[in-house]
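Student: Residues per chain, in single letters:
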Amino acid sequence: MLLTVLSFALLIQTPQGAPRTIAIDEAFASQAHLKVGDRVTLSARPDTPADSAEVVIVGAIARRGADPSEVARGDYVVRMHLDQLQRIAGYGDRVDRFAIATRPSADVGRTLEQINHVAFGFRAYRSKDIAVETSRTFQVVSRFHRAIGIITIVASSIFLLCIMVLKVEERRRDIAALRLMGISRLSVVRSIVIEAGLVAVLGSVLGIVIGWVVSLVVNWHYQALYRTPLYFSIITPSIVAFAVALSLVLGIGAGLVASARLARTPPLALFGR
Amino acid sequence: MTAPSGASVGAVRDVPTARASIVSLSDVHRDYPIGAELVHALRGVSLEVERGDYVSIVGPSGCGKSTLLNLVGVIDQPTSGTVAIAGKRVDAMTDREATSFRLHNIGFVFQRFYLMPTLSALENVELPMAEAKVSARERNARAAKLLEYVGLGARQHHRPSELSGGEQQRVAIARALANRPALMLADEPTGERDAKTGAEIIALFRQLNADGTTMIVVTHDEDLANAARRKIHMRDGRIVQE
Amino acid sequence: MRATLAQASLIRHRARTILAVLGVAVAAAMLLDMVMLATGMRESFRELLLVRGFDIRLAPKGTLPFDTDATIPHVSAITAVLRGNPDVRDISAVLGGSLHIEADGRDVSAAVLGIDPKVQGDYELVAGRDVASADAIVVNEYLLRELGAKLGDTLTVATGFDAQTRTYAGQKKLVLTGIARFIYGAAEQSSAAVRRETLEAMEGQKRRDRASLFMVKVRQGANPDSVRKWIEGHIPNVTAISIATAIAQVDQRLSYFRQLAFILGAVSLFVGFLLVTTLVTVSVNERAGEIAVMRAIGVSRLHVVEQVIIEGIAISLAGALFGLGLGLITARYLNSILSEFPGLPMAIDFFLFQPRAAWSALGLLVASGIGAGIYPAWRAASLPIAESLRREAIA
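Protein chains in written order, with my numbering: chain A, 94 to 366; chain B, 12 to 253; chain C, 12 to 406.
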């Protein structure tokens, strides 16, 4: 809250005195056409008289950190010197929170207990616990994605099985000819299963390429939409492995089901005689 | 086999009163490409077939017998020359005209019957009548009568897979007669059949012709060819002997 | 006869048909869910905002209702200004805060609304009586369970907790007179309501005559948007939000889901289309001989196409109907996941079944099924008959 000043009256100014600097985020800079070195007046309320407004200079333009709790909010962020913000916001000698870095050897749990033991009017939390709380939105979204993923897997399994059954049935005459030539049922099934496996692997490689391109587009789109450097779609080696393994299992399963059906049918019946 | 007993073919088609030409081909050529090569399937064939006639066409494989039959059956068009069936030029008909013409004037019997496997014998015979918009009641009665004519009165409700090869061919013959065609065409109707079935089909064709149906049969089967009144020999896309 | 043939063809390959119907059903279910997701949020939010008939909300300038702790000063003066507009019918000023209630030595905290029971639009009474007097309080069932209290109990409540001095600004004993369902409350949120003057008195001087939010009902026939503009012109320190603006803001925040719904819906439609096309193509290729014979015996091209299309329609229709049931079940499951979204009113449904949208989606799927059958059917019916027969004989 202290870092987020809700309303600004910004005005490009001519130099006067020795103004202090602020840092603004990229999106704000591009929206307000500001660049490093520009002077602006700043106040906590829109109706503040000009003489009590603060003149500052844009000292830095920063890229916003990846904070899940800020996604989908259109706020701009300005960073300024604490005492200056306290003054213009009428906040007195107060802050919203302290951030404490512990030494690498420190026992964070014990430090936390010690602080809370002597705390007067505040409470200390582990950063990790706060991160969990702020990323609840994302937990819900990822549970939703997982559910959608399961539905997609079910749909693609059925699709793959259907295609495999059709593909194998289309070749009933070839299979019949092979059987009549004396090729064993097992060999026929094996050759179809190998083919199905190859198709599945090739398909999943193609799928990964498409997925990678889509992921680039998704990240580009949503990073721009929500003005955040957060990644919305990440393809990890484990995801790739899972996709290939799943396609392979589904492909082999589908090939097995489809070929076993035909291999059981007498060759002459396959010829339609 | 004994000739099929039961209803007379007169019940399914009118017997012509005057003998006149029903098929007339004049200098017909048919070329088609196979790969990069142009095959001359027919090289100037002329042929007249009279109403009520029974013609067999024989010759080695690839001599153009089936191509000739396809042209007469209006499922193919000549590269040049004219084809007239029942007094009507059919060599330049549009697809729609040709379809309608086949439906009402021509009956086909194929070597491999091509019955609809999911329909019963009766429904297979009804199919062309349904297409010709014959009422359900009438087509049902007529299909039953035709099946009786070909000796399958008791097997109307059997699926093709439940019938023997000879029986299936008889269903196909009944189907060909469904819309009382002026001309019946058969392509190797006894091919791949055993001798007994072949003899049954030959007898049935004789009966059909005796009852007034004009027949043209393409065959390798000597017995079937000899059963016809006229026997035409073909070689290299030409009629070489009659 | 054509329907019989189509039916027969589908029955001939039972396993294949069942798989195709299942595939289309899953695609249909996904499509339905995505249509419900794309239209549901907005509709559900609109219904929620309109449930008590308030058309306009006033929040402190630059904020959304209850988005910050900011309040609007001079409630009585603003009310008088609003009354000056003849199109304004009802005004409900609401003060928000947090409440600490003592229960068996525990301190249970809850969100509290200070309202005027005659015009409030924030809750519906489920049991008991409304806050008729200054010492009455109504709570939601979640808070009731937290407190382990029952109607008629007297609660010791406090507001205005100061973290530095660890003291409360005001403490009071209130009688629990009613149980209410808070319309805009999130899931697992403790909520309570008292009269606004009670809350103001407890909160002390700094929140006297202040409100977090005003809700305004306009007269029948009046244009809410012109009233909104009038308010912004006459009361400079508020942001007036109409239903349309509020929906637009929610739309922007949840645009991710709408876009996701659109993409997944399109993918589902495409998958359904692909499935029917593949099935019909293979089925037609397999029957090239049969189709050629049908054409040879005089069956018209159009009738062959019709028969094949009937197959496509049958698969799509069966799949769509089956998918309708499947879609409703999965929508419920997905809704239960998204309803845990932090800070959203519990009553918001992400997946809302709207018959028109649902039928159009399923209709689109069936139409794509028809479209899927047209090309392979036309191709099969247009093959040269003699050539097909010859190829079939060779095969």
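In short, the hints are calculated from the structure, not lab data.
Predicted model only: the values in this text are computed from it and were never measured.
Hints should not be assumed to be uniformly reliable.
[Stated by the list, open to error] Simulated restraints, written as ranges between beta carbons of each label pair:
(1) A:L318 to C:R23: 28 to 36 Å
(2) C:A259 to A:V129: 33 to 41 Å
(3) C:Y267 to A:A338: 50 to 58 Å
(4) A:S220 to C:A259: 56 to 64 Å
(5) A:Q316 to C:R343: 27 to 35 Å
Note that beta-carbon positions come from the ideal geometry of N, C-alpha and C, so glycine has one too.
Student: Decide, hint by hint, whether the structure agrees.
Tutor: Verification of the hints:
no., hint, verdict
1, A:L318 to C:R23: 28 to 36 Å, "51 Å, violated"
2, C:A259 to A:V129: 33 to 41 Å, "34 Å, holds"
3, C:Y267 to A:A338: 50 to 58 Å, "29 Å, violated"
4, A:S220 to C:A259: 56 to 64 Å, "35 Å, violated"
5, A:Q316 to C:R343: 27 to 35 Å, "33 Å, holds"
Violated hints, listed in ascending order, are 1, 3, 4; each of the other numbered hints is respected by the structure.
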